[in-house]
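Given the coordinates of chain Z, assemble chain S onto it according to the supplied hints.
Each chain, written out:
Protein chains: 2
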Amino acid sequence: MKYDLIIIGSGPAGYVAAIRAGQTGLKTLVIDKRYIGGMCLNWGCIPSKTWLESAKLYNKIVKQSADFGITGVDAKKIGFDWKQARKRSSDVIAKLSRGIEFLWKKNGVEFLKAEAKIISPTEVEADKQIFETKHILIATGSRPAELDGMKKVLGVEALANSDSLPEKPIIWGEGPVAYEMLQFFQLLGREPVLALTGEVLLPELDESLQSFVQRKLKKEKVTVVPAQKIRFDGEKAFIDKQEIEYDTILNCSLRKAVLPKSKVELQLKDGFIEVNHSFQSSIPNIYAAGDVNGKSYLAHAASSQGLAVIDHIHGRNLDVDALELMPINIYSDPEIAQIGKTESQLKAEGVEYMTQQYSLAANGKALAEGASEGYLRLIYEPKYSQVLGVQIVASNATDMIAEAALLLEMEGTVYDLATAIHAHPTVSEVFMDAGSQAVSDLEE
Amino acid sequence: MKYDLIIIGSGPAGYVAAIRAGQTGLKTLVIDKRYIGGMCLNWGCIPSKTWLESAKLYNKIVKQSADFGITGVDAKKIGFDWKQARKRSSDVIAKLSRGIEFLWKKNGVEFLKAEAKIISPTEVEADKQIFETKHILIATGSRPAELDGMKKVLGVEALANSDSLPEKPIIWGEGPVAYEMLQFFQLLGREPVLALTGEVLLPELDESLQSFVQRKLKKEKVTVVPAQKIRFDGEKAFIDKQEIEYDTILNCSLRKAVLPKSKVELQLKDGFIEVNHSFQSSIPNIYAAGDVNGKSYLAHAASSQGLAVIDHIHGRNLDVDALELMPINIYSDPEIAQIGKTESQLKAEGVEYMTQQYSLAANGKALAEGASEGYLRLIYEPKYSQVLGVQIVASNATDMIAEAALLLEMEGTVYDLATAIHAHPTVSEVFMDAGSQAVSDLEE
Chain Z
1 MKYDLIIIGS GPAGYVAAIR AGQTGLKTLV IDKRYIGGMC LNWGCIPSKT WLESAKLYNK
61 IVKQSADFGI TGVDAKKIGF DWKQARKRSS DVIAKLSRGI EFLWKKNGVE FLKAEAKIIS
121 PTEVEADKQI FETKHILIAT GSRPAELDGM KKVLGVEALA NSDSLPEKPI IWGEGPVAYE
181 MLQFFQLLGR EPVLALTGEV LLPELDESLQ SFVQRKLKKE KVTVVPAQKI RFDGEKAFID
241 KQEIEYDTIL NCSLRKAVLP KSKVELQLKD GFIEVNHSFQ SSIPNIYAAG DVNGKSYLAH
301 AASSQGLAVI DHIHGRNLDV DALELMPINI YSDPEIAQIG KTESQLKAEG VEYMTQQYSL
361 AANGKALAEG ASEGYLRLIY EPKYSQVLGV QIVASNATDM IAEAALLLEM EGTVYDLATA
421 IHAHPTVSEV FMDAGSQAVS DLEE
Chain S
1001 MKYDLIIIGS GPAGYVAAIR AGQTGLKTLV IDKRYIGGMC LNWGCIPSKT WLESAKLYNK
1061 IVKQSADFGI TGVDAKKIGF DWKQARKRSS DVIAKLSRGI EFLWKKNGVE FLKAEAKIIS
1121 PTEVEADKQI FETKHILIAT GSRPAELDGM KKVLGVEALA NSDSLPEKPI IWGEGPVAYE
1181 MLQFFQLLGR EPVLALTGEV LLPELDESLQ SFVQRKLKKE KVTVVPAQKI RFDGEKAFID
1241 KQEIEYDTIL NCSLRKAVLP KSKVELQLKD GFIEVNHSFQ SSIPNIYAAG DVNGKSYLAH
1301 AASSQGLAVI DHIHGRNLDV DALELMPINI YSDPEIAQIG KTESQLKAEG VEYMTQQYSL
1361 AANGKALAEG ASEGYLRLIY EPKYSQVLGV QIVASNATDM IAEAALLLEM EGTVYDLATA
1421 IHAHPTVSEV FMDAGSQAVS DLEE
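Protein sequences appear in the order of chains Z and S.
1 is the number of the first residue of the first sequence in my numbering; add one for each residue after it.
1001 is the number of the first residue of the second sequence in my numbering; add one for each residue after it.
It should be emphasised that the hints constitute simulated quantities derived from the structure, not laboratory data.
We put the beta carbon where it would ideally sit given N, CA and C, even for glycine.
Careful, some of the hints might be misleading.
To be verified - Here are the computed distance ranges between Cβ atoms for each label pair: (1) S:Arg1190 / Z:Asp247: 41 to 47 Å; (2) Z:Ile119 / S:Lys1063: 53 to 59 Å; (3) Z:Thr24 / S:Pro1203: 40 to 46 Å; (4) S:Leu1259 / Z:Lys87: 57 to 63 Å; (5) Z:Ser344 / S:Pro1382: 43 to 49 Å; (6) Z:Asp247 / S:Leu1442: 54 to 60 Å; (7) S:Asp1091 / Z:Lys95: 36 to 42 Å; (8) S:Arg1190 / Z:Lys383: 55 to 61 Å; (9) Z:Lys95 / S:Pro1382: 31 to 37 Å; (10) Z:Gly189 / S:Arg1190: 29 to 35 Å; (11) S:Glu1274 / Z:Tyr384: 49 to 55 Å; (12) Z:Gln437 / S:Glu1274: 47 to 53 Å; (13) Z:Lys106 / S:Lys1106: 40 to 46 Å; (14) Z:Arg190 / S:Lys1063: 24 to 30 Å.
To be verified - Stretches of chain S that chain Z covers, calculated by requiring three or more beta carbons in the stretch to come under 8 Å of a beta carbon on chain Z: (15) 1145-1153; (16) 1299-1309; (17) 1358-1369; (18) 1414-1420.
Chain Z on its own, in the form it takes in the complex (with noise of 0.2 Å):
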């Protein structure tokens, strides 16, 4: 039985990769020794957003329902049940897992649930059996590293699937999933601590949107400490000889490469499979995309990486630069999102630019929404007006950045956003008014 191709993992990297590659006509077998979906889809970001979609509501329940005028809701007896808010996340789950299944079958890829180990460039052992393939791809993803000798610990998959929720964790780590996980437990109203990893909470993102999270959660009084600064004994934590309450580490590590079996060596670089702009690891006809590359922890990243090897291996070339618009979104409360470049980038990049922030303390919707926190921020060239990079805070942030990624990938400038009538009353107006004042600042 030779393959065209053979995918180890079947995250967002590899499902829509096998999606594809069997719509292209690549005769493909997709193997994974766990779930279909991968952490995205089982303990990654579709359940955490089915989750802190739940914790907005108990929030919104317990915070504005009185002011919406609901009546009948007594806020002290308003609780949370994580096993149904699972339940309603496993179905989701069910329900996403089952359109990847039939996509798959309606395109003729294969799928077997074993490990899979790399024998040659050429096959693949799985199940006591050897595939031959054609092209090989690696999309096996990543997991956090462990906490050695800590105690109770418990990573984000172990949560998905445990009955009980803390009451007081610390949450461990950096990066958007442990401000998710750090805005999941306070909408519950829990008091999580954020013992941080790295110098900064989201190292991704432009300092404006840095700067709006620190002073966020010193107005909400979040316990922030450097994660090597607490010392621990036995099951008790100290910061100096303050004891630190918790009843579970909530591991949100940087993640590591998780690597397949293998024969073959590849060349790995800082734990990562080393890959080239077509996503080709050392050896050609293996690809690897997704975690695993070290080049993005994005699901969309994953995706694109993925359908950019099918088209690798169909002889297209690539549009390196289109992946390198990848919105970052951070489904906290109220969200945030980014696109394209920002300012530090640029000045390193020594690109002359100007920003135009406009916020949402005026926009009727956000207003009538209950949901004003916010703001959007254009960095564009004054040359051609081009815009060059997005950030917004907005309770709908996650979907409103989709019209920036549209916005950057044509290549459009302030006068586009300006000229583009938006709907009233929208939160993204905001779109507009920032565009006509960047296009009445660049007029003066």
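Coordinates of chain S only, in the frame set by chain Z:
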């Protein structure tokens, strides 16, 4: 005292034009006999969206909170306090109203609360004074046709000032206002009856959206009757011999122009002030923008017309095409939005087109939000693959349509949608999904 511009009416045509006029150095006076912000701010777009947000939260608490894992909610005890919901909308109105006043002052715009009368093409009388001006902008808006001879009639403006909320209203009218008010009462669990004054409820929408609404009303067992078939006997209403129970007739009839008092005769068309492409009336220095000229009932259409008038006063050419790209938003549940051409328009114009519809049923974020009813539909022409029209049904369609507005303004193609990387998981991914599907249809 001589002005460059006197604006009569301070709704979205008038107040936006006034700000731009002030910013661009025109000595400007706004005259309004009633509230700053006109219908849109005071009893139209803004308060109705505020009420709808309250009703959507009420509905979500009653119908979905248990599924989301929220405990301590007794659905039977949940009620709706209309006075409080109104208080919240009044707070929003007050905030936005202060914002307009601030921007007027900042830009040197004067305001007079009085009834205006046009004395000559260069003179306006108000508050017993005569003001001279180079240009006049009539932005006096519209109001629903009166329902003569009927009892228990309430207009939306009166509802906004009423302490009690109808239990069983007849929604009398057609168009987005009628559908939104119908949905408002439905969301609150009341049983409104729709008395349809036109042949269809939402004639400006593409047939596919119209069918969606029709199916939905049928599924939700809403009583829809042709208004002209209702016979009144005193306070009682009948269809044939069947009595229709109701406590209020909510007047959502199509609106007629509100014409200012004028000694100058302006040419009318169907009761609206007739204007040319530059929004000039039959007297060239008297402009009319917004509902009063009969071109559109949309607030953002009014604002963009108002801005176009200021441009014209400064001798700038209008891009009339851009003004035709008006998103139409309906804040129902789920929301409905449309921009660009409908199928019937393209058929009438003899333009070749293709369509691509993509459901939200397998959209991860929509499922996480518990709001996966809906779809996105692209209409594009096969030669250059340019997108000509977009229709969306989604819980957040009214903000999502902004991406489509930008796409159409930039004359983008289905390839642009397929190439712009949309973040995962987002509802907006459906743009990329539909775009990719359209691309593969084109390449087949």
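Evaluated hints:
1. S:Arg1190 / Z:Asp247: 41 to 47 Å: Taking Cβ atoms as reference, S:Arg1190 and Z:Asp247 lie about 46 Å apart, which means the hint holds.
2. Z:Ile119 / S:Lys1063: 53 to 59 Å: The hinted range 53 to 59 Å holds for Z:Ile119 and S:Lys1063, with Cβ atoms some 54 Å apart.
3. Z:Thr24 / S:Pro1203: 40 to 46 Å: holds, 43 Å
4. S:Leu1259 / Z:Lys87: 57 to 63 Å: Taking Cβ atoms as reference, S:Leu1259 and Z:Lys87 lie about 60 Å apart, which means the hint holds.
5. Z:Ser344 / S:Pro1382: 43 to 49 Å: The hinted range 43 to 49 Å holds for Z:Ser344 and S:Pro1382, with Cβ atoms some 44 Å apart.
6. Z:Asp247 / S:Leu1442: 54 to 60 Å: holds, 56 Å
7. S:Asp1091 / Z:Lys95: 36 to 42 Å: holds, 40 Å
8. S:Arg1190 / Z:Lys383: 55 to 61 Å: With a Cβ separation near 58 Å, S:Arg1190 and Z:Lys383 satisfy 55 to 61 Å, so the hint holds.
9. Z:Lys95 / S:Pro1382: 31 to 37 Å: holds, 34 Å
10. Z:Gly189 / S:Arg1190: 29 to 35 Å: holds, 33 Å
11. S:Glu1274 / Z:Tyr384: 49 to 55 Å: violated, 41 Å
12. Z:Gln437 / S:Glu1274: 47 to 53 Å: violated, 34 Å
13. Z:Lys106 / S:Lys1106: 40 to 46 Å: violated, 59 Å
14. Z:Arg190 / S:Lys1063: 24 to 30 Å: holds, 26 Å
15. 1145-1153: violated (count 0)
16. 1299-1309: Three-residue rule met by the region 1299-1309 of chain S, so holds; n is 5.
17. 1358-1369: The restraint on the region 1358-1369 of chain S holds, since 6 of its residues have a Cβ under 8 Å from chain Z and three suffice.
18. 1414-1420: Per the Cβ count (4), the hint holds.
Checked against the numbered hints above, the structure breaks hints 11, 12, 13 and 15 and satisfies the rest.
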